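2 protein chains.
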Amino acid sequence: MIFEGSEKKAEIILNKEHQGLLSKKDSFWEQLVTKANASILSKIENSVVKAFLLSESSLFVWEDRILLITCGQTTLIDAIKFFVKELGQDCINQIIFQRKNEYFSHLQPTTFYDDIERLQEDFDGVALRMGNIDDHHNFIYHLKRDYTPNTTDHTFEFLIYEICGEARSFLMQEGLTSIQVREFLKLDRILPGFTIDDFVFKPYGYSLNAINGDNYLTIHITPQQVSPYVSFETDIDIREHIPTLIDIFQPGSYDFIEFQPDRENSCGKQRPQQYELKTEVESFLSCGYKMYFSHYYKKRKDKLKPFQLL
Amino acid sequence: MIFEGSEKKAEIILNKEHQGLLSKKDSFWEQLVTKANASILSKIENSVVKAFLLSESSLFVWEDRILLITCGQTTLIDAIKFFVKELGQDCINQIIFQRKNEYFSHLQPTTFYDDIERLQEDFDGVALRMGNIDDHHNFIYHLKRDYTPNTTDHTFEFLIYEICGEARSFLMQEGLTSIQVREFLKLDRILPGFTIDDFVFKPYGYSLNAINGDNYLTIHITPQQVSPYVSFETDIDIREHIPTLIDIFQPGSYDFIEFQPDRENSCGKQRPQQYELKTEVESFLSCGYKMYFSHYYKKRKDKLKPFQLL
Numbered sequence: 057m058i059f060e061g062s063e064k065k066a067e068i069i070l071n072k073e074h075q076g077l078l079s080k081k082d083s084f085w086e087q088l089v090t091k092a093n094a095s096i097l098s099k100i101e102n103s104v105v106k107a108f109l110l111s112e113s114s115l116f117v118w119e120d121r122i123l124l125i126t127c128g129q130t131t132l133i134d135a136i137k138f139f140v141k142e143l144g145q146d147c148i149n150q151i152i153f154q155r156k157n158e159y160f161s162h163l164q165p166t167t168f169y170d171d172i173e174r175l176q177e178d179f180d181g182v183a184l185r186m187g188n189i190d191d192h193h194n195f196i197y198h199l200k201r202d203y204t205p206n207t208t209d210h211t212f213e214f215l216i217y218e219i220c221g222e223a224r225s226f227l228m229q230e231g232l233t234s235i236q237v238r239e240f241l242k243l244d245r246i247l248p249g250f251t252i253d254d255f256v257f258k259p260y261g262y263s264l265n266a267i268n269g270d271n272y273l274t275i276h277i278t279p280q281q282v283s284p285y286v287s288f289e290t291d292i293d294i295r296e297h298i299p300t301l302i303d304i305f306q307p308g309s310y311d312f313i314e315f316q317p318d319r320e321n322s323c324g325k326q327r328p329q330q331y332e333l334k335t336e337v338e339s340f341l342s343c344g345y346k347m348y349f350s351h352y353y354k355k356r357k358d359k360l361k362p363f364q365l366l
Numbered sequence: 057m058i059f060e061g062s063e064k065k066a067e068i069i070l071n072k073e074h075q076g077l078l079s080k081k082d083s084f085w086e087q088l089v090t091k092a093n094a095s096i097l098s099k100i101e102n103s104v105v106k107a108f109l110l111s112e113s114s115l116f117v118w119e120d121r122i123l124l125i126t127c128g129q130t131t132l133i134d135a136i137k138f139f140v141k142e143l144g145q146d147c148i149n150q151i152i153f154q155r156k157n158e159y160f161s162h163l164q165p166t167t168f169y170d171d172i173e174r175l176q177e178d179f180d181g182v183a184l185r186m187g188n189i190d191d192h193h194n195f196i197y198h199l200k201r202d203y204t205p206n207t208t209d210h211t212f213e214f215l216i217y218e219i220c221g222e223a224r225s226f227l228m229q230e231g232l233t234s235i236q237v238r239e240f241l242k243l244d245r246i247l248p249g250f251t252i253d254d255f256v257f258k259p260y261g262y263s264l265n266a267i268n269g270d271n272y273l274t275i276h277i278t279p280q281q282v283s284p285y286v287s288f289e290t291d292i293d294i295r296e297h298i299p300t301l302i303d304i305f306q307p308g309s310y311d312f313i314e315f316q317p318d319r320e321n322s323c324g325k326q327r328p329q330q331y332e333l334k335t336e337v338e339s340f341l342s343c344g345y346k347m348y349f350s351h352y353y354k355k356r357k358d359k360l361k362p363f364q365l366l
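Going down the list, the sequences are from chains A and B.
Each step along the first sequence adds one to the number in this note's numbering, with nothing skipped, and position 122 is 178.
Each step along the second sequence adds one to the number in this note's numbering, with nothing skipped, and position 88 is 144.
Think of the hints as simulated: they come from the structure by calculation, not from any bench.
Watch out, some of these pointers could steer you wrong.
Mimicking BS3-like on lysine-lysine, the simulated pairs with C-alpha atoms at most 25 Å apart in a straight line are [what the hints assert, rightly or not]: (1) A:Lys-325 with B:Lys-357; (2) B:Lys-361 with B:Lys-325; (3) B:Lys-325 with A:Lys-334; (4) B:Lys-359 with A:Lys-354; (5) B:Lys-334 with A:Lys-346; (6) B:Lys-346 with B:Lys-325; (7) A:Lys-359 with B:Lys-346; (8) B:Lys-361 with A:Lys-354; (9) A:Lys-355 with B:Lys-325; (10) A:Lys-357 with B:Lys-325; (11) A:Lys-355 with B:Lys-357; (12) A:Lys-242 with A:Lys-258; (13) A:Lys-334 with B:Lys-354; (14) B:Lys-325 with B:Lys-359; (15) B:Lys-72 with A:Lys-359; (16) B:Lys-325 with A:Lys-346; (17) A:Lys-357 with A:Lys-334; (18) A:Lys-334 with B:Lys-357; (19) A:Lys-325 with B:Lys-361; (20) B:Lys-334 with A:Lys-354.
Because the structure is a prediction, the values reported are computed rather than measured.
Pulled out of the complex, with its shape left as it was, chain A reads as follows (with noise of 0.2 Å):
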């Protein structure tokens, strides 16, 4: 079974005057993530913040903003268009919109030059890809607009492919339990103190969201051979966990990627060890973050053996 478990992301950012978006009804969301053709499986919040586990990934809401990140075949930019006409476009501060290359594009509905022709409609953004076509990259499309993000608003993504045979067996085994998931990742060391929600899919998959205060951290796992992947982002420092979870997956290559408020900070310090930086990407976007990519590989000695198809 393929499944495409690189995400795409939006963080849609309303004007001070136009906030309340935790007084809206969970009917409004789950009309939002069907426009998406996810559907929420369950929440939990607080006073600042709503997160709904998907069937496909995650959203989260604040008072003044949503992040809505999805997977597999999903149309997130059909939930993006619903926002804004539901809102209204005076309301809208700021959109980021984010997306991972795929390896399996062919079965996606839209690609990423697809999605910003459909924002164009409606805005005037600025696009980028960051990295070489043929690496790993990520493409960004944020709104031609002056924005002053929080001084703490530092967001860590951290990707992690070809993860090894002894992670892909443990989450891939019947029965598994959220339980146990938890403990394989160590995520009492990594979330203490957080409310967690998390959901085994059948046959195989598993996602969290977890919060504390206004604070996130989402997690999701496609443990199939075809195309191993888990996916962490969060706005907590991640780096010191790294090692880790390198040693729990061990995985193949990872992307690291960070929105940093503060231009004048140095982004991307981790480094484990066998792993070679192949590649960074930084720049300052004009929405006021500095973007920074990189992707990591395992140096290996033996030659791989090939996959088999047929």
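Assemble the complex: chain A is given as a structure, and chain B must be docked to it using the hints.
Relative to the frame of chain A, chain B by itself:
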């Protein structure tokens, strides 16, 4: 303008009792390439091989086999199906079908997975992916039949990505002539004694076929900035010329592939300075060749800048 330079390639070998391909009329080959959505631009020949330069790459015809290479949005698989139908399945000794991972696969009419499904309607084959899904890789399909290649039947593919700005500018200049490209590529060193047929495409692109006895070499260049690409495919040992070609194109990365008829011989012995060997995949194929796939990239000191799309 987006153009997928990466090629699809098929080698079809006839049984000993069913040879005689050189006596086929050109109109037959025109029909064949039309099935793939390509057309014949020109031809060179000697007593043992005909080489057709196509609107999308090349066709070589020997008495007992053909080699068809097509790029862009061609449907090479339709040409294989046509060939098999016209000659009859009984004539076919071996089919080796190869496809590089593409970077604009959403624009392709079919995927490798679709293609091999169509081959399996008539044949029983093996399909492999040489390389991880998130890395440069090559797909290969061949029939489950014993085949013993000629001891001199050694094939090299040298595929160059992200060629340098200087080379791109040279190759995209207005009024570029094929003589200029031959000089730029230093072909007098690589191809002494070869008969050459080449073509400069408008607005951009260059293709070359060269033959000498039953040896061949073909070059295809897509210099466009969105995905610059150059391919060399030949049965002459191109390894000694790789440093020269690296010097000319200064690529960001390249793949080097070998089909080696002697399983005891080693493959891939080349390693230009400044380039890091990232991937090596090797397998002895049951169709009689050792296949070797490798991917190299240029070590960079500086961070990359993003590529602006909008």
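Checked hints:
Of the pairs offered as hints, the one joining A:Lys-325 and B:Lys-357 holds, with about 16 Å between alpha carbons and a cut-off of 25 Å not exceeded. Only pairs whose Cα atoms come within 25 Å are accepted, and B:Lys-361 paired with B:Lys-325 is rejected, the gap being roughly 33 Å. Simply put, B:Lys-325 and A:Lys-334 have alpha-carbon atoms about 22 Å apart, close enough for the 25 Å limit, and the pair holds. Taking the CA atoms of B:Lys-359 and A:Lys-354, the gap is about 20 Å. The hint holds against a cut of 25 Å.
In summary, the hint linking B:Lys-334 to A:Lys-346 is not supported, as the alpha carbons are separated by about 29 Å, beyond the 25 Å threshold. Pair hint B:Lys-346 plus B:Lys-325 holds up; C-alpha atoms about 14 Å apart against a cutoff of 25 Å. Proposed proximity of A:Lys-359 and B:Lys-346 is supported: the alpha carbons are some 13 Å apart, at most 25 Å. Between the alpha carbons of B:Lys-361 and A:Lys-354 the distance comes to roughly 24 Å, so the proposed pair stays at or under 25 Å and holds.
Among the hinted pairs, A:Lys-355 with B:Lys-325 is consistent with the structure: their alpha-carbon atoms are about 19 Å apart, no more than 25 Å. A distance of roughly 16 Å separates the Cα atoms of A:Lys-357 and B:Lys-325; the hinted pair therefore holds under the 25 Å criterion. This hinted pair checks out: A:Lys-355 and B:Lys-357 have alpha carbons roughly 19 Å apart, not beyond 25 Å. Annotation: proposed proximity of A:Lys-242 to A:Lys-258 holds, straight-line Cα distance about 22 Å (limit 25 Å).
For the given pair, A:Lys-334 sits about 9 Å from B:Lys-354 by alpha-carbon distance, which is consistent with the 25 Å threshold. Of the pairs offered as hints, the one joining B:Lys-325 and B:Lys-359 is violated, with about 30 Å between alpha carbons and a cut-off of 25 Å exceeded. Annotation: proposed proximity of B:Lys-72 to A:Lys-359 is violated, straight-line Cα distance about 36 Å (limit 25 Å). With a CA separation close to 42 Å, the supplied pair B:Lys-325 and A:Lys-346 exceeds the 25 Å bound.
Proposed proximity of A:Lys-357 and A:Lys-334 is supported: the alpha carbons are some 17 Å apart, at most 25 Å. A threshold of 25 Å between alpha carbons decides the hint, and for A:Lys-334 with B:Lys-357 the separation of about 10 Å falls inside it, so the pair holds. A distance of roughly 18 Å separates the Cα atoms of A:Lys-325 and B:Lys-361; the hinted pair therefore holds under the 25 Å criterion. The straight-line distance between the Cα atoms of B:Lys-334 and A:Lys-354 is roughly 9 Å, inside the 25 Å bound, and the hint therefore holds.
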